[in-house]
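Chemist: Residues per chain are reported as follows:
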Amino acid sequence: MSQRVKYYQTGTLTVGNRLLDDASRTVQASIDRSNALTSGHRACQGCGEALGARWVLDAAMRATGGQLIAVNATGCLEVFTTPYPESAWQLPWIHSLFANAPAVATGVAAAMRAKGKAVRVVAQGGDGGTTDIGFGCLSGMFERNDDVLYVCYDNEAYMNTGVQRSSATPPGARTATTPAVGPSPGNEFGQGKSVPLIAMAHGIPYVATASVADLHDLEAKVIRAMSMHGARYIHVHVPCPLGWGTASDATLRVARLAVACGLFPLFEAENGVLTGSTVIRNRQPVEAYLRSQQRFAHLFSGPSADPERVAKLQAIADRNVARFHLLQPEEHS
Amino acid sequence: MISPATKPFAITLDEGSSRANHTGSWRTRRPEMTARLSPCDDACPAGEDVQGWLALAEEGEYRAAWERLVQHNPLPAVMGRACYHPCENACNRRHIDQAVSIHAVERFLGDLALREKWSAPAPLSPTGKRVLVVGAGPSGLAAAYHLALRGHAVTIREALPRAGGMMRYGIPTYRLPRDVVDAEIGRILDVGVTLECNSPVEDIVGAIEGGGFSACFAAVGAHLANRVQIPTSDAARIVDALDLLRDVEGGDPPRIGRRVAVVGGGNTALDAARTAKRLGADEATIIYRRTRAHMPAHALEVQEAVEEGIQMRWLRATARFDPGKLVVERMEVDTQGHVHGTGDFETVEADTLVLAIGQNVDLSIFEGIAGVHVTDRVIEVDSRMMTGHAGLFAGGDMVPSERTIAVAVGHGEKAARNVDAYLRGETWAPPPRPEIAAFEHINPWYYSEAERTVQPALDLARRQRTFAEVQGGLTADNALFEARRCLSCGNCFECDNCYGVCPDNAVIKLGPGKGFRIDLDFCKGCGLCEAECPCGAIRMVPEAL
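Residue numbers (our numbering), protein chains in the order written: chain A, 1 to 333; chain B, 1 to 545.
Wrong hints could be hidden among the right ones.
A few chain A residues facing chain B, derived, Cβ under 7 Å [what the hints assert, rightly or not]:
{"no.": "1", "residue": "Leu13"}
{"no.": "2", "residue": "Thr14"}
{"no.": "3", "residue": "Val15"}
{"no.": "4", "residue": "Asn17"}
{"no.": "5", "residue": "Leu20"}
{"no.": "6", "residue": "Ser34"}
{"no.": "7", "residue": "Ser39"}
{"no.": "8", "residue": "Gly40"}
{"no.": "9", "residue": "Gln45"}
{"no.": "10", "residue": "Cys47"}
{"no.": "11", "residue": "Glu86"}
{"no.": "12", "residue": "Ser194"}
{"no.": "13", "residue": "Pro196"}
{"no.": "14", "residue": "Ser248"}
{"no.": "15", "residue": "Leu252"}
Keep in mind the hints are simulated off the structure, nothing from the lab.
Backbone N, C-alpha and C fix where the C-beta goes; we use that ideal spot for every residue, glycine too.
Work out the full structure: start from the sequences and follow the hints.
Modeler: What follows is the structure, encoded as structure tokens:
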């Protein structure tokens, strides 16, 4: 055949593809994937975080040949995987406190160095443990450029304790502590807090955002991060059916809408400089994303229906699209 | 096991892996691997497993794809050209961009088989039964093929000088080159079918009994042209479209003059007009009493005819024809959709008037056969394709159905299965049809944008003057591309999505070609595997609670 025929049946968007050779498929397509987070864990049905954590760690396990230790902050991911004396982890794993996962990871990395072992370290936590409670330790780990990949699984609230607001909760969202009552129901419109951009401000070797909406993109970023040393940060968007009010089978659909509307931009940065963006395929209005979740239902029905707040969320998405170059060049107008 | 005495306080489980915790007990519904019927398979009158052979073609397994194809349709190179592909009208891909060009891939496989001289599968050992097939059109040939493969001795009797029926005497060569027809018929005969041309059957029952046949499949086609009374003078030249096409095939085209008017709105009318143009007519005009939207002709044929300069006069009815001059009445459509004359007449210059206003079956050979019933000038058959006369089956244009080549081929196979069962004293039960994979079952996000491949077309100057084939074939590269546009509706193509998206590791990958299994010990029933299955090959069913 004179030309390479593209695999258009599914492109490269599915997990695997029988028409591609094994090396071109994802880690998740492999029959030999490590299943770092295995069955029997107690995450809710359709949990985005359980999925995201397995995807990240399996990719990191492959990248390191299984020479990997995970350090976990307190949070859903810790609670649902390790109710004493059980563990769903199939790699060495340690949990200490809510706030100190980055510091513990620093210590583990130092210990490995002291013992002369080439074992790599991944630290992980939810948005509460990362953007609020562990934020000081995380900044210190970045500032010292410790040899740790820190992964934040962002489900936009404290889900484990009953859906309380975090600094990653989007404006307008209903949580247990920001109920849909009063003159401005749901979470306040603050200034937001982008930990990926804060990480970039530290000038660390690698920063990326990823989502369970795009497995190929996520794995490429984990593998890229594991090819480097020093402090690295990946922020993974993981929908929560319980906290967001979505059906258990809608997790990936909702994640795709978050990416497609521009509210969750996918990008990479090295040494503090933006190096790449994942362009949006089939852009959607923010409203399509918001309407897919009960936590935003009050924006669309009843006395608190509020097109202005929807428009403000759209404006945030539009700013992301411009700032991170999320459209194909010809789509800009 | 920790002994109760040493077990720490407030521990319900033994130390160890979470796999001791069977979360499958949370489930209220379970996923099941399933196979739905793809809409193309559902729509194919010839009963082809379109999705199945496309899946093989996607892998470049052309020989296997062709073998799957000819399990049902022994005429793929013909059908890839002459079928109006209802499969493509049903294709779910049309909701994403455009339908898969199934006919073009079918033609590619058919042509490749002819070029590589692939032969039909070997027939089963002889049964000793003899079957008579009357008519060597697509239906009779398909029936003969399937009967011969099942080990029966088949004789086809054909009234015309050559086999092919409407494939030879109806469809013009610019749509269906005769070397293709000859080669595919030859391959059917090579299975061990006896063909007798110039051998019209006048007494079917006599032919069956006299020839020692145990059963008969009749598919004589619809070769009688409908006539209407048009006031005319004796010198005016009126021909039937079927005669025109048949005479061109016989190498003896009639003189048609410079200006030709064709009455009718079906494919035969367009074939006649386009043929007239190729015979040298400067003007060929279609006269049709309703609007373009009502024309039964296929849209592609209408488009190609317009490209070739065929003029269309819609809402016109013929009133009188004299040499050189056709008088037509303007028609109008009322609010109920009925067509009425306006009393307003105009003249169309025409040297020849071609009538293409429908065809009928010559039923004379069925007269007087006990049990055979005729309704609306076609033969009644039961669900087995059998007439009221035991052992006499019928199909194709002569039974109630749409008159297309795909229907004819489908009748041939269906009749063959039933004849075969009849000869063994059994009844063939068609397999149950699974649920259709509708577009709602598809997750379109996973399919990349990929525009339909366009077949090359002959340049217009040659189309207007020669009978060379208009549509070209696909190359191996773009046939593969086109096959890979298939969504594989309802049938797992091992994309690993279910395996990859399960948050509970509860989908087990069994390895290439073996598919997947759900681990019900751990499946919580979230439904992500079903929602993220691109092709609708998983379904959720409620658990008995």
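Chemist: Would the hint on Gly40(A) stand, with a C-beta cut-off of 7 Å toward chain B?
Modeler: holds, 3 Å
Chemist: Take the shortest C-beta to C-beta distance between Leu13(A) and chain B; is it under 7 Å?
Modeler: holds, 5 Å
Chemist: Quick check on Glu86(A) please, does its C-beta sit within 7 Å of some C-beta on chain B?
Modeler: holds, 5 Å
Chemist: Report holds or violated for the interface hint on Asn17(A), using the least CB-CB distance to chain B and a cut-off of 7 Å.
Modeler: With a closest approach of 6 Å, the Asn17(A) hint holds.
Chemist: Quick check on the hint: Leu20(A) CB to chain B CB, less than 7 Å?
Modeler: Violated, because the Cβ-Cβ distance from Leu20(A) to chain B comes to roughly 10 Å (cut-off 7 Å).
Chemist: Tell me if the interface restraint on Gln45(A) is satisfied: Cβ within less than 7 Å of some Cβ in chain B.
Modeler: holds, 4 Å
Chemist: Classify the hint on Thr14(A) as holds or violated, based on whether any CB of chain B lies nearer than 7 Å to its CB.
Modeler: OK, holds: Thr14(A) within 7 Å of chain B, min 4 Å.
Chemist: Using Cβ atoms only, decide whether Ser248(A) comes closer than 7 Å to chain B, and label the hint accordingly.
Modeler: Cβ of Ser248(A) sits 4 Å from chain B, so the hint holds.
Chemist: Can Ser39(A) be said to touch chain B, with a Cβ gap under 7 Å?
Modeler: holds, 4 Å
Chemist: Taking the least C-beta to C-beta distance, is Leu252(A) closer than 7 Å to chain B?
Modeler: Hint holds; Leu252(A) Cβ to chain B Cβ min 6 Å, cut 7 Å.
Chemist: Can Val15(A) be said to touch chain B, with a Cβ gap under 7 Å?
Modeler: holds, 3 Å
Chemist: Would the hint on Cys47(A) stand, with a C-beta cut-off of 7 Å toward chain B?
Modeler: With a minimum Cβ separation of about 5 Å from chain B (threshold 7 Å), the hint on Cys47(A) holds.
Hint check: violations occur at hints 5, 6, 12 and 13; the rest are consistent with the structure.
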